[in-house]
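> Sequence:
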Amino acid sequence: MAADPERDAYLDSSDAPERRRFNRRTLIFTGMGVAIYLLSLLATIPAQLVSPLPDATGTIWHGSAPLDAANRIEWRWAPLRSIARFGFAADVTAEGPETSLAGRALLRPGRVLLDNVSGTANGALLGALIRPSFACTLRMQIDLERLSIGGDDQGAEGRLRSDPGSCQAFGGQPPVGVPAMALDIRQTPGLAVINLAALGQPRTPFVVGGLDKDGKLQLIVTAEGAAALPFASTPGGMKIETEL
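Residue numbers (this note's numbering): 1 to 244.
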């Protein structure tokens, strides 16, 4: 039988495995190059185009924005963490007079997750974040392990301690002195339990409530809370129900 030169050359070729390895390496390096190029393009997107905060400056990779007249937030994109967690992940800091906070953030459509947030903050930062009907002058120590808003697993875990200070309702009322307080949030299955009380007196709460996994927030200002924090409640206490 006559030999088939093309078949023999194919079977006996000693460089075929080497060519396959070369092709795989070429594909890998090409893919890495394309990924780096796309990341570099993404990193140059101006922050004001994607940030939910007004007056943002810088880029999506490294930007900042004012929270109020005194405090400012800054972020640095964490691309590897973003890929691993399927969202926009960043290392975040907040700085201002008596404010120095650092933590991590993860943004997905309709969801914000904060974790490992710790440091000090002033009352102005609290007002900038939750927009209450009053302003406070006090210093806080924050240790927030987790806060998830949006999605199907909303909840929180952490604690806040404040020094004695004063708060004032908007509208011209005189300021009211407030004691040192402790806010504790404990995550249980399906519910984050909230307790605000004078420091060292958790069994006489000013505010109790919970945040469930669907984002329903219920708070009860007790009679003791209404007396200690009259700028935040009607006399005798009140109940607040809302959805985050």
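Derived from the structure by calculation, the hints contain no laboratory data.
Think of the CB as a built atom: it goes at the ideal place given N, C-alpha and C, for glycine as much as any other residue.
Mixed in with the good hints, there may be bad ones.
Using C-beta positions, here's what the derived DEER-type ranges look like [claimed, not checked]:
#	residue 1	residue 2	range
1	D55	A223	36 to 46 Å
2	N116	P174	33 to 43 Å
3	G200	F86	14 to 24 Å
4	V193	P54	28 to 38 Å
> For each hint, tell me whether it holds in the structure or not.
A quick look at each hint next to the structure:
no.: 1; hint: D55 - A223: 36 to 46 Å; result: holds, 42 Å
no.: 2; hint: N116 - P174: 33 to 43 Å; result: holds, 39 Å
no.: 3; hint: G200 - F86: 14 to 24 Å; result: violated, 42 Å
no.: 4; hint: V193 - P54: 28 to 38 Å; result: holds, 34 Å
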